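Asker: Residues per chain are reported as follows:
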Amino acid sequence: MEDLRFQHNVSARAGGTRRTAIVGVVASGNLEVLVERVLPDAECQLEIKTAAVGFGEVWEAVIADFVERHRPGGLRLSINDGGARPDTVSLRLAQAVRLIEEDEQ
Amino acid sequence: MTAPIKHTVQFPADRARATSFNEASARTRVELLLDAGSFVEFIGPTAREVSPHLKIFDLPEQFDDGIVVGRGRLDGSPVLVAAQEGRFMGGAFGEVHGAKLIGLLRAARALSSIPLLILFDTGGVRLQEANAGELAIAEIMRAVMEARAAGVKVIGLIGGRSGCYGGGGLIAGCCSALAVSEPGRIAVSGPEVIETNRGVEEFDSRDRALVWRTMGGKHRRLLGAADAFTDDTVEGFREAALELLGLVGAFDLDRLKAEQLRLADRLRSFGGCEDAIDIWTAEGIAQAETIPELPADQFIVLANNIGRTSRDAR
Chain A
1 MEDLRFQHNV SARAGGTRRT AIVGVVASGN LEVLVERVLP DAECQLEIKT AAVGFGEVWE
61 AVIADFVERH RPGGLRLSIN DGGARPDTVS LRLAQAVRLI EEDEQ
Chain B
1001 MTAPIKHTVQ FPADRARATS FNEASARTRV ELLLDAGSFV EFIGPTAREV SPHLKIFDLP
1061 EQFDDGIVVG RGRLDGSPVL VAAQEGRFMG GAFGEVHGAK LIGLLRAARA LSSIPLLILF
1121 DTGGVRLQEA NAGELAIAEI MRAVMEARAA GVKVIGLIGG RSGCYGGGGL IAGCCSALAV
1181 SEPGRIAVSG PEVIETNRGV EEFDSRDRAL VWRTMGGKHR RLLGAADAFT DDTVEGFREA
1241 ALELLGLVGA FDLDRLKAEQ LRLADRLRSF GGCEDAIDIW TAEGIAQAET IPELPADQFI
1301 VLANNIGRTS RDAR
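Heads up: the protein sequence lines correspond to chains A and B, in order. So the first sequence is numbered by our numbering: it starts at 1 and just counts up by one. So the second sequence is numbered by our numbering: it starts at 1001 and just counts up by one.
Incorrect hints may have been included.
What the hints assert, rightly or not - Taking CB as the label site, the calculated pair distances span: (1) B:Asp1035 with A:Arg19: 17 to 23 Å; (2) A:Glu47 with B:Phe1042: 21 to 27 Å; (3) B:Asp1075 with A:Glu102: 21 to 27 Å; (4) A:Arg19 with B:Pro1012: 50 to 56 Å.
What the hints contain is simulated information worked out from the structure, not anything from laboratory work. Treat the numbers as computed from the prediction; the structure is a model and nothing was measured. Each residue gets a CB set at the ideal place from its N, CA and C atoms; glycine is no exception.
Make a model of the complete structure from these sequences and hints.
Answerer: Now the structure itself:
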């Protein structure tokens, strides 16, 4: 297992009012993303526990792209990864943000 | 490219009808099974109650340890619900996973009037935490019986991709009633386990047709192990759960004795059969070999006519 942490400054607060959301499952080639609205509006943190060791640079690139596209201000994303490919990671991150951007029911 | 994707507006019941129970995640099953928006999770993923054992084996954790527990409403009435995630470690029972179900069952016992639904999807005990997992199975079986004795209806729903194996099969046997779909399998030892221990002549685990007609939902329904059969949709399981909640009676000594008689009679009638098809034939089903291909609606009619289940037993 390898633990990775990333911190980004973000120009905009993520929309919606939900406090938390979760997508995905931890399985081979899959991951879960737990997203919590707990940070100041201009910050975004990602904490990753991954079964695939040695892919820190790929994670860094995927997450930089995610932060730029989705501007997830105020969100902490916690990831348990079962060795997902970068495209799957991007998809789950996008799903997680879309889910938390829904309004509370 | 950057335009937000709009949600298609769909009524929950339509989504439940269109969603395969087998393919859905535990969370989706719970969301669509219960009345819309009614689910409240206990010890959810933000609590991060993860397994204390997996880290030792350098294995990834899941924030809910592979089981979603909580309360909600079913057709307006309160229910407690537990759903295993069959894709995380095969839905297997570990220490935390088991403890969440035990806690829910004990809450049900204390409340005594609110039924509990268990959405099984499990290969059995998680080998990396075998002792804790085995203990959890024993405690869950006891908690199911204690809840039932206190007046709780405990309904098992089985249609997940990991089936209901190992200790999960034992717990299912303790429930007040079970609903199953065709892809739902119920057994204790799985196909590979039987083949490894008893040889390929005893059970060929690569013979999928054999596996399905021996452990699959249709056979379990015809044998009376499952009380209801449903098409593989979340709505189908919702309706089956409601039907079973209406049928389950009081749990007492007479019922246990009736269950013992039912099982003894089953063994007497079919103990000599070599294959599930022999059992179906002995039950008086014409062209029993066509059962695996029978569509769900026709199968349900047939199974209801066979009537293996006893309303007095369990």
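Asker: Hint numbers the structure violates, sorted upward?
Answerer: The structure conflicts with hint 4 only, although it agrees with all the remaining ones.
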